[in-house]
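A.B. asks: Below are the chains, spelled out letter by letter.
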Amino acid sequence: GENVEQHPSTLSVQEGDSAVIKCTYSDSASNYFPWYKQELGKGPQLIIDIRSNVGEKKDQRIAVTLNKTAKHFSLHITETQPEDSAVYFCAATNSNSGYALNFGKGTSLLVTP
Amino acid sequence: DAGVTQSPTHLIKTRGQQVTLRCSPKSGHDTVSWYQQALGQGPQFIFQYYEEEERQRGNFPDRFSGHQFPNYSSELNVNALLLGDSALYLCASRTGVNSPLHFGNGTRLTVT
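In order, the protein sequences belong to chains A and B. So the first sequence is numbered by my numbering: it starts at 50 and just counts up by one. So the second sequence is numbered by my numbering: it starts at 1193 and just counts up by one.
Calculated from the structure, these hints are not laboratory results.
Label-pair restraints from in silico Cβ distances:
(1) B:R1247 to A:Q94: 19 to 27 Å
(2) B:T1197 to A:K117: 34 to 42 Å
(3) B:K1205 to A:I111: 37 to 45 Å
(4) A:N52 to B:G1232: 15 to 23 Å
When the alpha-carbon atoms are kept at most 20 Å apart in a straight line, the in silico EDC-like pairs for lysine to aspartate or glutamate are as follows:
(5) A:K154 to B:D1277
(6) B:K1218 to A:D98
(7) A:K71 to A:D133
(8) A:K71 to A:E105
We treat Cβ as the ideally placed atom computed from N, Cα and C, and that holds for glycine.
Just need the whole structure built from these sequences, with the hints factored in.
C.D. replies: Next up, the structure:
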């Protein structure tokens, strides 16, 4: 089955700096890669996603890049703000599994003022 | 427009008991999935329901079962609870299988 690895497990940045979280996946059939933000006491919230026919996608301060050859994808957050502090999860999936998500273990991001 | 709603928010059960968790999908969504999230871990897929049938299942024992109703709402049942079943149980919904998945805030189950 699919195995998703995520790094780093914790990340601390100063407000205004950029943050990068990286994930690798094992199943070459995977073709959908969402990113979720989870705040304390809440469920994961979809923040951006990318499909395998696209190499990069951007939404305001958030961008995701995908390298299918290397089987890795990354989340980039620019101009970080304290409210970006949360746990971020990457996931990978494909039609073979009915698009059931395989999650990484998460990255705890702390943005200090 | 209400998102995915789950009940109850918290639950405490004793080892060996049975539990039922409930979920109402986001308006317009017809596919419901359940995930288990242990503390400090990413969510793990339990199963997915579409048209009132279990369509996909993750690596969970038969003690975990579910149901989807005609109004698309869903239940997760866990029998013979173990201490290791303590976790946050997340319900998620989507329109069909190839669309973004939206999560509820989960039910925190504690087994003592």
